[in-house]
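Those protein sequences? They're chains A and B, same order as listed.
Residue 77 in numbering that gives the first Met the number 0 sits at position 78 of the first sequence, and the numbers go up by one each step.
Residue 3 in numbering that gives the first Met the number 0 sits at position 4 of the second sequence, and the numbers go up by one each step.
Source of the hints: derived by calculation from the structure; they are not laboratory data.
C-beta atoms are modelled at their ideal positions from N, C-alpha and C, and glycine is treated no differently.
Among the hints, a few may not be true.
[Claimed, not checked] In silico DSBU-like links for lysine-lysine, alpha-carbon gap of 35 Å or less:
| no. | chain 1 | residue 1 | chain 2 | residue 2 |
| --- | --- | --- | --- | --- |
| 1 | A | LYS102 | A | LYS143 |
| 2 | B | LYS98 | A | LYS68 |
| 3 | B | LYS59 | A | LYS83 |
| 4 | A | LYS83 | B | LYS98 |
| 5 | B | LYS57 | A | LYS159 |
| 6 | A | LYS143 | B | LYS85 |
| 7 | A | LYS143 | B | LYS5 |
| 8 | A | LYS196 | B | LYS91 |
[Unchecked claim] Computed list of chain A residues with no C-beta within reach of chain B, every gap over 10 Å:
| no. | residue |
| --- | --- |
| 9 | ALA43 |
| 10 | ASP49 |
| 11 | GLN71 |
| 12 | GLU88 |
| 13 | ASP124 |
| 14 | GLN171 |
| 15 | MET179 |
| 16 | GLU204 |
| 17 | ASP217 |
| 18 | LEU224 |
[Unchecked claim] Negatives, chain A to chain B, calculated, CB over 10 Å:
| no. | residue |
| --- | --- |
| 19 | THR100 |
| 20 | HIS165 |
| 21 | VAL192 |
If you want the building blocks of each chain, they are given just below.
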Amino acid sequence: MSKISHTADQYRRKFLTGIAGAAAAITIAPGVLLRQVEAAPKAADAAVTDSVRWGMLVITSKLTDGGDKVVQACKKEHGWGDEKHSSTEQQTQWVRKVKVTEKLTKHSFELPVMCQHCETAPCEDVCPTGASFKRADGIVLVDKHLCIGCRYCMMACPYKARSLVHEALQDQKAYSPRGMGTVESCNMCVHRVDEGKKPACVEAEPQAMIFGDLNDADSDISKTLQKFGGKQIRADLGLNTGVRYHGI
Amino acid sequence: MFGKTKFMLMLIALATMLYGCGDVAPEPDESVAKAKAEHCAISDDESEVRKNHMNYLKHKRDRTVHDGIRTKDHSFKECINCHVPKLEGENKLRHTDEKHFCSTCHTYVGVKLDCFECHTDQPEAQDAAKAEGVK
Numbered sequence: 000m001s002k003i004s005h006t007a008d009q010y011r012r013k014f015l016t017g018i019a020g021a022a023a024a025i026t027i028a029p030g031v032l033l034r035q036v037e038a039a040p041k042a043a044d045a046a047v048t049d050s051v052r053w054g055m056l057v058i059t060s061k062l063t064d065g066g067d068k069v070v071q072a073c074k075k076e077h078g079w080g081d082e083k084h085s086s087t088e089q090q091t092q093w094v095r096k097v098k099v100t101e102k103l104t105k106h107s108f109e110l111p112v113m114c115q116h117c118e119t120a121p122c123e124d125v126c127p128t129g130a131s132f133k134r135a136d137g138i139v140l141v142d143k144h145l146c147i148g149c150r151y152c153m154m155a156c157p158y159k160a161r162s163l164v165h166e167a168l169q170d171q172k173a174y175s176p177r178g179m180g181t182v183e184s185c186n187m188c189v190h191r192v193d194e195g196k197k198p199a200c201v202e203a204e205p206q207a208m209i210f211g212d213l214n215d216a217d218s219d220i221s222k223t224l225q226k227f228g229g230k231q232i233r234a235d236l237g238l239n240t241g242v243r244y245h246g247i
Numbered sequence: 000m001f002g003k004t005k006f007m008l009m010l011i012a013l014a015t016m017l018y019g020c021g022d023v024a025p026e027p028d029e030s031v032a033k034a035k036a037e038h039c040a041i042s043d044d045e046s047e048v049r050k051n052h053m054n055y056l057k058h059k060r061d062r063t064v065h066d067g068i069r070t071k072d073h074s075f076k077e078c079i080n081c082h083v084p085k086l087e088g089e090n091k092l093r094h095t096d097e098k099h100f101c102s103t104c105h106t107y108v109g110v111k112l113d114c115f116e117c118h119t120d121q122p123e124a125q126d127a128a129k130a131e132g133v134k
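Isolated chain A, as found in the complex:
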């Protein structure tokens, strides 16, 4: 009897390990899902899946300088914003610091605003070529191979998160290709995320920013959001953004 139960235990353990190894949600019967607790970094040759949804939480009160470090880290990582021949208005900007002051109380605070990685992204809706798209794991990107530079997405974005490159560039970062006539925005450091690393801005302000899987109830970001809450900018638009703020 004990031998049988031991074998059963071993079998069960093997079965559970197998599920964990698959690092994905597995359907055992229609409507029944077994989900792995902690999302392991995906294998290099595996495609991204919708079992994870990447998100960021910005705790504005913990930012050391209202977001300057975030902007600097992003600039350094992707090399945007120092176009030699573009005017100030034409400069690309993946993330910017915004200061908000309430008219009556004069209470003000600052926050970094970038692509909010909407679940129902307006930029994706309007794109005539399919260049604007949402990856399975929730990261909104521009496929610059398909972008024709029409800037429709720039008009559609309620967060003013996108910009167009106005001049020919040289010596871009190998992991972050950028070129004239294409639109670009925060890509949640997709090259780092795919390697299991955190975005550059999160590494620059680790006490104020949390990056993680919103689908996973046990991830740092989900737990913090559940406990303290996190607002969306323009929540009234119902875009279900992947970037949330605490303290706005």
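Go by the hints and put chain B onto chain A.
Positioned in the frame of chain A, the structure of chain B alone reads:
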């Protein structure tokens, strides 16, 4: 008289046109291209690479951008890392230079490529850990 002069002129023009026709077009200089490559990230069959590299690259580019698959196989970045020498400052080998790996052939066959409108034409700055992996 007039006809003879015209004939002679035509003959000279024809000779000028034909001059050099016996020569074979010069082969592209591949010394730079072959300098570092032992194993190709696309295929070890050289003719296959020459004929179909654009298809491999195009397929991989979609897998990378849309599915996040960033392996070295068929990777555009790996072409540059392996085949373009790392030089600094003024000496940088630009894609407009005929000696740049891609340009050796692309200039020769007269096919324009616009990968470098967005992608850097320089190899990646490699930290120690990464360089070890490349070896």
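Outcome of the hint check:
Of the pairs offered as hints, the one joining A/LYS102 and A/LYS143 is violated, with about 41 Å between alpha carbons and a cut-off of 35 Å exceeded. Restraint check for B/LYS98 and A/LYS68: the C-alpha separation of about 41 Å exceeds 35 Å, so the hint is violated. Our distance criterion of 35 Å between C-alpha atoms is met by B/LYS59 and A/LYS83, whose separation comes to about 32 Å. The suggested pairing of A/LYS83 with B/LYS98 holds, with an alpha-carbon distance near 28 Å, which does not exceed 35 Å.
Taking the CA atoms of B/LYS57 and A/LYS159, the gap is about 31 Å. The hint holds against a cut of 35 Å. A distance of roughly 26 Å separates the Cα atoms of A/LYS143 and B/LYS85; the hinted pair therefore holds under the 35 Å criterion. Annotation: proposed proximity of A/LYS143 to B/LYS5 is violated, straight-line Cα distance about 59 Å (limit 35 Å). With a C-alpha separation of about 31 Å, the suggested pairing of A/LYS196 with B/LYS91 holds against the 35 Å cut-off.
Listed as a non-interface residue, A/ALA43 fails to keep its Cβ farther than 10 Å from every Cβ of chain B; the least gap is roughly 5 Å. Here A/ASP49 stays apart from chain B, with its beta-carbon at least about 12 Å from theirs, past the 10 Å limit. Against the 10 Å criterion, A/GLN71 stays outside the reach of chain B, whose nearest CB is about 19 Å from its own CB. With a least CB separation of 22 Å from chain B, A/GLU88 remains clear of the 10 Å interface cut-off, as annotated.
Every C-beta of chain B lies more than 10 Å from that of A/ASP124, the closest at about 18 Å, which supports listing it as non-interface. In this structure A/GLN171 is not separated from chain B by more than 10 Å, as the shortest Cβ-Cβ distance comes to only about 5 Å. With 10 Å as the threshold on Cβ separation, the claim that A/MET179 sits away from chain B is violated: the shortest Cβ distance comes to roughly 6 Å. Annotated as non-interface, A/GLU204 keeps its C-beta farther than 10 Å from every C-beta of chain B; the closest such distance is 23 Å.
The claim that A/ASP217 is not at the interface with chain B holds, since no C-beta of that chain comes within 10 Å of its own (minimum 23 Å). Look at A/LEU224: its CB is around 24 Å from the nearest CB on chain B, clear of 10 Å, so calling it non-interface holds up. At roughly 39 Å from the closest C-beta of chain B, the C-beta of A/THR100 stays outside 10 Å, upholding its exclusion from the interface. No beta-carbon of chain B is positioned within 10 Å of the beta-carbon of A/HIS165; the least distance is around 13 Å.
Distance to chain B contradicts A/VAL192 as a non-interface residue, since its nearest Cβ pair spans about 8 Å, not more than 10 Å.
In the structure shown, a violation is registered for the earlier hints numbered 1, 2, 7, 9, 14, 15, 21, in ascending order.
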